[in-house]
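**Student:** Given next are the chains, with one letter for each unit.
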Amino acid sequence: MDFLVAIVVATVAAGTPLALAALGELVAEKSGVLNLGVEGMMLAGAVAGFAAAATTGNLWLGVACGVVAGIALSFVFAVAVVTLQANQVATGLALAIFGGGLSAFAGQPFVSRSIDGIRAAPLPLLGEIPVLGPLAFSFDPLVYVSLALFGAVAWFLWRTRAGLVLRAVGESPEVAHEVGYPVARIRYAATLFGGAMAGLAGAYLSLAYTPLWVEGLTAGRGWIALALVVFATWRPARVLAGAYLFGGVTVLQFHAQGFGVEVPSQLLSALPYIATIGVLVIISRDAAMVRLNAPASLGKPFHAGD
Amino acid sequence: MLRLELRPAPSAAASLATPLVAIALTLVSGAILFAALGRDPAEGFRAFFVEPSSSAYGLAELMLKAGPLMLIGTGLAIGYRANVWNIGAEGQLVLGAIAGTGVALAFDESDSLLVLPGMFLAGALAGAAWAAIPAWLRTRFNANEILTSLMLVYIAQLLLSWLVHGPWRDPQGFNFPQSKLFAEAALLAPWFEGLRVTNAFLIAIAGVAIGWLVIERSFLGFRLRVSGEAPDAARYAGFDAKRAVWVGMLAGGLAAGIAGVAEVAGPVGQLTPNVSPGYGFAAIIAAFVGRLRPIGIVFASLLIALLYLGGESAQIALNLPAAITGVFQGMLLIYLLAADVLIRYRVRFGHRRARA
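Order-wise, the sequence lines are chains A and B.
Residue numbering for the first sequence follows the working numbering, starting at 1 and increasing by one per position.
Residue numbering for the second sequence follows the working numbering, starting at 1 and increasing by one per position.
If you're looking for bench data, these hints aren't it; they were derived computationally from the structure.
There are no misleading hints in this set.
Here are the simulated distance ranges between beta carbons:
id, chain 1, residue 1, chain 2, residue 2, range
1, B, S29, A, N293, 31 to 41 Å
2, A, G180, B, P231, 28 to 38 Å
3, B, V28, A, L267, 43 to 53 Å
4, B, A206, A, W60, 56 to 66 Å
5, B, E229, A, A296, 14 to 24 Å
6, A, G57, B, S53, 42 to 52 Å
7, B, L181, A, W60, 43 to 53 Å
8, A, A287, B, E109, 50 to 60 Å
9, A, A72, B, P231, 33 to 43 Å
10, B, N199, A, N293, 43 to 53 Å
Cβ coordinates follow ideal geometry from the N, Cα and C atoms, glycine included.
Excised from the complex, chain B in its bound form (with noise of 0.2 Å):
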């Protein structure tokens, strides 16, 4: 039999240690999976995870996708680490795409350095304009932010849809629901010729180290935190729980917003259906493998991204759909959450001794 003893004090190496305890499990059923399937998991692995990993496009693209899962992961973790569970990043990227493309048509006759800044400036305030929704509700009408943050995310693709089967419909694009491809002055030019990495890395990089200051260097993170360990004490001292929820639920927004401009004025380079593969759900997993910390889901990032790149690469090697992705992600974050366990309790088998 399986049984828990509470430890005295959480343990801090178990935290550290359980996302590599949940990677290894994920790897192994990854293995079995892969075996199940008929292919060799050998095969499988090098697909995964040495063919992306081995050639300079392949990096390029590890920190293209890696860049908006961290950034977004960050601002989530503010969040989540104040027990404020927005998780409709999805949408608030959604947003932030649908304002900077604003910003890109209205000014596309200009060559004006400032369209992109004023591109990235309005999808973070869309971004955090549409965070804002649940925020207010949640606040003002006591309304679960997990559901209207989710909801938020089906009006947001709804929204998006609409615009480019109508009003932003490219009248030279052969009927196809998307917008005209932006101008020059509103796209991030690539660093090196024929790869897609371009500043938004950096962006990407200055917004965890923003996320980072906060979290582990300000009073405001402290208070953060207190508000979700501690809800009563965090009361007592007089921290503002709606307060919480606001700084909680704008962090994610704010940063989900500035990853969509980031995904219109860089790799895809108009607006689309399909702007996003998923970099607002995939962030939850960042945060949560990263352990809410900064530095954690820059890693996590990492491996998520190659996981996103695996899947593609496993489809054209293994000829395996590239949903396979979504299977590894959710997986990882199972096997983390579960593996948990060890942080705060010792695992022992066989039957409780009798105690005195």
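Here chain A stands alone, though its shape is the one from the complex (with noise of 0.2 Å):
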């Protein structure tokens, strides 16, 4: 039993910078926005926060640090794109090349500092419900803070006006420009928060998953993360899912060898990204139900006027 509910802690923690990450991405893709950019914007928030944290002691000012990076370069990304008309698919490839040199020239003098990190810890009273208690009341404050903003992201995405008036912009701009919509000033905001979730994502993996800063810190979680947005067809609460489907492959890997697995430990390290290959490709396959799923100006630029 106690073993179960490691894993399944585990997992979630796992789980979670994936769902924050994707989850962000989701809402910049609803309005049309493509940023292939999330990994470095990951790494930025990493060491952001790790910095901001080993340097004044201060977890959440850290994970504030992380945010505020991750909206910076995504800022970058959004004045590219939205204002200059810069091509989505390249420039999110610089993002990321950016983001990672930026990170590992910023966090060089952090490299092997440790700190001690956003710890999980029970709910009061909540956590001391028999095997519920440990199972869905005892994770880290962030888990809590990931789950509420994803119910927040569904309710403001199909319950409200404005989240019908974002995902009429990822539709068809040209409509919703005629309408009287501002449509670069909803793909900025759209834009900046998916870079501040993965800011929040990559503070979340330095500051609780494993407190400390190594270059590539991240190892292709941003990537992950996208293409759990296309797995989850562009739906929340599949996002949240998947992301958690990916946090048990991880976990597994650790696992394995305890169960007497004999098998290199590279090949269960290399266990999430072939599966990310082996679910694109199952999602690919109906290539109709993509595309009636995916917004329909996703990774087109829209100059009002031309």
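Both chains are given apart, each in its own frame, so use the hints to dock them into the complex.
**Tutor:** Here is the structure:
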């Protein structure tokens, strides 16, 4: 029983950064902006969060700095693709490379520093319920924040007028513009939200999941998050389920050897990447279904009056 | 207020000028960054650009690093022109290095002149095979090649890590995760004593020349460009979109595989866990800054190679982390893509005049 609880808690912890980054990207993509730079924004968030926490000793200031760093990078992206009409695919790659370089550079003094990270703690009262307490109420605070964000985004996108406008901009910026909505401003907001979530995801990695900084800490999670959005056909609930599924695959690699499975550790480490390719293949096979679910203007620049 | 006016036709002049604009903006940002770090910008400029290019050793290193960049960049450009986004060249390079090492280790006792060509052939095929996976997944299952080719980078690096920690670890290597040193016949001989530049540079130049023929002078290159710029027209003309994916992916994979062999048979001399200093990703920047045209890519590769060397010399001269190279690389590409707005638009300041 304790073992099962440990696996569930580890799965949720491993899935949370993926879930956060993918949720942010989902909102950006719903407005028609494809930001492939999630990996770079996560790295910026991770290093900024760790640097702030290691310097000041305040973990929550670290989280805030991670979010700000993610927003800053996404702002650069938004200026390039929304205002200056740059190619979204190429600019996203550039942002991933830039974030990688910037984080390696800025993080140099913090390599091998250690901090006391954000810890999982049972909630008062609820955490004491037998079985359910350890399973549902014993995570670190950011896990609950991520769940609340999922609920809020799902409600916003499908239950509010502003969410409807955001989706309309993603489906047809021309029509949204004709009706009088500020397409560029909405795309900016959605892109910045994506950056904030990627920064938060990065900070979660460097402050809660593995409280340390090394170059390339995110290890491709930003790209896996991008794949998750496609896998989830742009639906928040499926993003969350997919993220935990991937979290489970990650946890599996740590426990497989415990079960006496004799395979090279590298093969186990490769599992999340192989699984990403696998789910992309499964979901993309039906081209019509992907087309139907993807925001129609995804990746296409829009400039009023062309 | 900044406002954009669509040009009647894309400006060819602007398309040549924007890389220069991007370089200028990167230099200005670099000066600000140095100043912010409390270093003299002039010092930084000297460490980055003058120091590496003012000695025979520096120039040899420049060619050593520019070679793989221009080779891979040209291969990638063939795909990018057709809107085929192979961003996994780093993994294809690793596979090339692995296959080349396999041949080198298998013929360790041989002093045949065929060992090196065999290594390059194996590396090219392995790089192409690794690139064929995303090509197949895209053409057969419609899976996005950006994500699959990138996932394969991580898988390639783990495969490499397994090999150097396991089956290929040098028994006499003091337990370091690396293969044994290659025999003489499996190494590219340096041109000059003490400098590391080898015939791999000529191979890179030859690769760029072939790429130039394909891109600028062949019907295949024309078809790829049409597939990228006007997919509907390409379909109407009977150009096969799947073939564009295959050609685009394999060109990058071949080039990266060859570059991978050049690393293990050249400056590295054995298989190590960090066989590439990120050439596969830097080549993406070279391809774009070079305007997806081989001649431009040669110049862009020299510039990016200079940034690599500059990072090393800044580490020594200014005590800055060499990772600053990555900052400049990323900055250069973002500035370029943003400046490209000038190709299709005129930038005007002030409010839009009322039109009749």
